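Could you slot chain H onto chain D? The hints should help.
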Amino acid sequence: MPSIRRGAAGLLALCWALASCGTSAPPFALQNVTGLLPRLKFQLTDQDDRLVTADDYRGKVVLLYFGYTHCPDACPTTLATLATALRSLGPDAAKMQVLFVTVDPQRDTAAVLKSYVGFFGPQFAGLRGDDAELTALSKRYRIAYHLEPPDRNGNYAVDHSSAIFIFDGTGRVRLLGNEGDGAQKIAQDLRRLAAA
Amino acid sequence: MCRRLPVPRTPLLPRPTSPPPMRTALLYILPWDFSPTVLLVCLVSAVAYARGLKALHARGEATGFWPPLAFYLGLALDYVVLQTYFDYLAQHMFWIHRLQHLVLHHLAALLLVLAAPAHVMQEGVPPAWRARAGTLFRERKSLAWMPWTAQRLFRIVQNPLVAPLLFVGLIFFWLTPSIHFAAMLDVNRYRTMNWGMAVDGILFWWLMLAPRTAQRSVAIGYPVRILIVSLVALPQILLGAYIALHGTVLFDVYAICGRAWAISPLTDQQIGGLLTWIPAAMMSGVAMLVILRRLLAEEAQRGAAPPRLAQPANRGV
Numbered sequence: 001m002p003s004i005r006r007g008a009a010g011l012l013a014l015c016w017a018l019a020s021c022g023t024s025a026p027p028f029a030l031q032n033v034t035g036l037l038p039r040l041k042f043q044l045t046d047q048d049d050r051l052v053t054a055d056d057y058r059g060k061v062v063l064l065y066f067g068y069t070h071c072p073d074a075c076p077t078t079l080a081t082l083a084t085a086l087r088s089l090g091p092d093a094a095k096m097q098v099l100f101v102t103v104d105p106q107r108d109t110a111a112v113l114k115s116y117v118g119f120f121g122p123q124f125a126g127l128r129g130d131d132a133e134l135t136a137l138s139k140r141y142r143i144a145y146h147l148e149p150p151d152r153n154g155n156y157a158v159d160h161s162s163a164i165f166i167f168d169g170t171g172r173v174r175l176l177g178n179e180g181d182g183a184q185k186i187a188q189d190l191r192r193l194a195a196a
Numbered sequence: 001m002c003r004r005l006p007v008p009r010t011p012l013l014p015r016p017t018s019p020p021p022m023r024t025a026l027l028y029i030l031p032w033d034f035s036p037t038v039l040l041v042c043l044v045s046a047v048a049y050a051r052g053l054k055a056l057h058a059r060g061e062a063t064g065f066w067p068p069l070a071f072y073l074g075l076a077l078d079y080v081v082l083q084t085y086f087d088y089l090a091q092h093m094f095w096i097h098r099l100q101h102l103v104l105h106h107l108a109a110l111l112l113v114l115a116a117p118a119h120v121m122q123e124g125v126p127p128a129w130r131a132r133a134g135t136l137f138r139e140r141k142s143l144a145w146m147p148w149t150a151q152r153l154f155r156i157v158q159n160p161l162v163a164p165l166l167f168v169g170l171i172f173f174w175l176t177p178s179i180h181f182a183a184m185l186d187v188n189r190y191r192t193m194n195w196g197m198a199v200d201g202i203l204f205w206w207l208m209l210a211p212r213t214a215q216r217s218v219a220i221g222y223p224v225r226i227l228i229v230s231l232v233a234l235p236q237i238l239l240g241a242y243i244a245l246h247g248t249v250l251f252d253v254y255a256i257c258g259r260a261w262a263i264s265p266l267t268d269q270q271i272g273g274l275l276t277w278i279p280a281a282m283m284s285g286v287a288m289l290v291i292l293r294r295l296l297a298e299e300a301q302r303g304a305a306p307p308r309l310a311q312p313a314n315r316g317v
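Note that the protein sequences, when read in sequence, are chains D and H.
Residues in the first sequence are numbered from 1 upward in steps of one, following our numbering.
Residues in the second sequence are numbered from 1 upward in steps of one, following our numbering.
Bound-form chain H, shown alone:
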């Protein structure tokens, strides 16, 4: 990397003037690699949710304050890390790439799942469209395979053994140095990787955190879920620690293609490893608290004596 003071060979020209502030601001906000799919998915989801909220309010149904906030925050986070200048930084700095995946696979996914937006979004779809989609898939024989396949696929990825293996497996897969190298060069692989992370995050946290009453075909008992979320933390801790404490550079693509700013390759790798290690594993802790809360709420509803943990005296409130 060229960083030492250069010896001028020609009469010095002034340093290129930086672009005007307006253009700089646009550079940060406008998509680095414009993806119509990301824009469309985010926009349609946001509009459907907003319309759903309005419809529910009109009927006098409460939607609460936190679910809409969690939904829009999760959606905005996904959009920002995929479609702004952040994406450029993620392509050219390992630790920002890890931060991007932390958002896609953990944070935003968790927020979207906690908002449980499906019901509200469904309300947001115009009734005529809903009816037409229903008849389309029911009556057209050529299209009947689509919902059937989707349901089968959903069952497979929501299998209590497949879901955690997929969740952890995707992290290990894309961090395999040779696969990582190809993903950071090839646009299609890069997009597949990021979409996979976002979708798998939602699927996994939905399976772990949704109230049992909201899950239809697949539902796992709360104690098993606690076991699963604690088990998925372990390999993430090991992998994160391995990357953070590794003495040599594992991912050379950033040096070859250039980093977003001057930083030592090992420092970059260490921060990236720490991000894979600590906040990712902490999400399992957060998830455990949510599951525990669901468990207690369900017990209380059933009229059973709530466990001692739930008694105010023990919570120190």
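Bound conformation, chain D alone:
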């Protein structure tokens, strides 16, 4: 069958073409997601009840994380890891901004957020938004969260993403990490972004 022979020849050529375009090794310790997600953009209110947008944090390396203050494990450990990473940066830490966006704005009022993020350091901001703002942001960065059924006392947990999205000073997405990467690796990459 000549068509089979022709197909085989074409496939061989394709394999050769694919093999010849080599990929360079990823230079960052965290997952490099440059270009995979849209630029940083949002409109939320911060822990002082001020309206803030992404433009307010231009020039800083932004670490975006979704969580809630009643979170028993993932959020405090993630934020503590980030605090450790920032402390190890020395003067570069001033170029960093952690944005903790609550997925539980019902319980996380501005006051609650203020005392919570204040515990981790001056580079930490707590942001909240209404349903539409939060949905827009979670869709933009493709994260999911949902409320678990409440217990007898009305307490409920929220299942949410573990992602730390890292943007450079221009608002371009660069890296994706999580608490499991550890403070050292995170600090190492942040230093490089701060130098750029």
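Worth flagging that the hints you see were computed from the coordinates, not collected in a lab.
Please read these numbers as outputs of a predicted model, since none were measured by experiment.
Not one of these hints is a red herring.
Covered, in the sense of this in silico footprint (three residues per stretch, anywhere, with C-beta under 8 Å from a C-beta of chain H), are these stretches of chain D: (1) 142-155; (2) 160-174.
Over 12 Å on every C-beta distance to chain D, these chain H residues come out as not near it, computed from the model: (3) 25; (4) 29; (5) 47; (6) 79; (7) 102; (8) 132; (9) 195; (10) 199; (11) 202; (12) 210; (13) 285; (14) 292; (15) 297.
What follows is a list of derived Cβ distance ranges for each label pair: (16) H:135 to D:136: 45 to 53 Å; (17) D:172 to H:178: 16 to 24 Å; (18) D:34 to H:299: 52 to 60 Å; (19) D:53 to H:199: 34 to 42 Å; (20) H:263 to D:80: 24 to 32 Å.
All C-beta atoms, glycine included, are put in the ideal place defined by N, C-alpha and C.
The following block gives chain H in isolation, referenced to the frame of chain D:
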């Protein structure tokens, strides 16, 4: 993931009230990520087919009961998995993502091909438009390359060696962990992946299942088709089994971006693997039966003695 009982720090507020039922219903039906392309393609196909049916009925030509049903069912399935709340679930749960691809690449594609809707849809296009499109591509020299290229491309992807490799290759490609990771983050990659699955499914099953009389430039004998559909089942079984039986999480993007509901990552992966393994491979069985039926029908038409298999006594009817 935060799931343990929280210790309240502030006076408890009531749990956010769930949205009214009307809004919930809309949430499930309205597109999660609205794509004008999907809407337009589905709508135009549906309208063209409906108009074609009407035109054929007016001329007294039979269209049968099953082909229209298969066509609309296939089209509706494609639309639902691409443009409703299902799409949100597919983005945030591995096994629903596998179910989405099972529909796009296998089930809906198979239904659309069995309906063989091209003839009916062509009847549905207003004759004036059809004539104008014909002259446009024939007379405008600058546009002449388009049908030529489309035909060439069609021949390449319908090559008996390329088509099955493409069919299986796409599944393996998008399930390569690093490629899968990027596809679930980047909207463009995600859409390319899903469109690719839907289109490739139709192309592949068309090559395998269409009656030889309906295929023009490319046609493969029925025995070769049976060989191809059984061969494509094998790598799908191996890949599905590999995913289902793998002891560690292969696709970490769902944990990083959050799952649609609480489920153990390994359970999610196991169900996803099973969906890649069993129903996908079963489609090859279904396809084999269809091909066998075409083979027998053609033999009978040629007046040759039908093989023993086709005799009622052996079918136990």
